[in-house]
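Participant: Sequence:
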Amino acid sequence: MTWFFVSVVVFMAGHIVPGLLRGAITARIGHTAYIVTFSIMSLFLLGWVIYEVQHADFIALWPYEIWQNHVTLTLMLPACILWAAAIIQPCPLSIGRKKGFDPAHPGINRFTRHPLLLGMMLWGLGHILPNGDLVAFMFFGGATVFAISGFWRMEKIRARHMEDAEYKAILDGTRRFDLMGIAEGAFGWRDIVLGIGLYIVILWAHPHVIGVDPLAAIGG
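For the sequence shown, the positions run 40 to 259 when the numbering used here is used.
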């Protein structure tokens, strides 16, 4: 379990330190190189954490039931659609594309300014139930808390690079979370199609990458 905690600390440091030094790093290597390097490093560190979760001592907290996997599969579909929206649509106050935002047509930002983080929250919540051991609970629960806290953190980071009037205008026309935004065109057909495609890819890749087949777990 020691290496699990080490991997988590390094993962957190790998996100906090580059964020604090982002200005200096981008000035030296450029914005694109920073994003690519940060993304590769994040995936590597996440893979390390997942490896340690899989190999940590098993300390059961609650028994496994098949219905728990149905919760995971259900929550992962909207999570994938949210991730797709974060890729396709501009998210000026969160992780994702900053350019191209139109205050008159906020899109996904009318439902949530943070589709990637909200999807991560659903991913974390959905994986807590079928993984009823201590380390998995800390990992998925921590990921959920990390995603929620990122709502406020990302807005503060983006605000540093905006004029006050621009920042206020975006805040006024967007929401951290508002279900009414779904009825107001938050999601386009491309978000849904890409999200479903991503969902299918994850279902296919999960047994090969993680070693667990979600469909087999429910008898599919």
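Mixed in with the good hints there might be a few duds.
[As the list claims (entries may be wrong)] Ranges between beta-carbon positions, derived for each pair:
1) ILE239 / VAL110: 14 to 24 Å
2) TRP101 / ILE249: 17 to 27 Å
3) VAL56 / GLY139: 24 to 34 Å
[Claimed, not checked] Capping the alpha-carbon separation at 27 Å, the derived lysine-lysine pairs in DSSO-like fashion look like this:
4) LYS138 / LYS207
5) LYS207 / LYS137
6) LYS207 / LYS195
7) LYS138 / LYS195
8) LYS137 / LYS195
Simulated from the structure, these hints should not be mistaken for laboratory data. Where is the CB? At the ideal position from N, CA and C, for every residue including glycine.
Participant: Hint by hint, say whether it matches the structure.
Facilitator: Hints, one by one, checked against the model:
1. ILE239 / VAL110: 14 to 24 Å: holds, 19 Å
2. TRP101 / ILE249: 17 to 27 Å: For TRP101 and ILE249 the Cβ distance comes to about 21 Å; the hint holds.
3. VAL56 / GLY139: 24 to 34 Å: Between VAL56 and GLY139, where Cβ atoms are some 29 Å apart, the hint holds.
4. LYS138 / LYS207: This hinted pair holds, its Cα atoms lying about 17 Å apart.
5. LYS207 / LYS137: With Cα atoms ~16 Å apart, LYS207 and LYS137 stay inside 27 Å; holds.
6. LYS207 / LYS195: Satisfied, since the Cα-Cα distance of roughly 12 Å is no more than 27 Å.
7. LYS138 / LYS195: holds, 17 Å
8. LYS137 / LYS195: Between LYS137 and LYS195 the Cα gap is close to 14 Å, so the pair holds against 27 Å.
Hint compliance for this structure: every hint is met.
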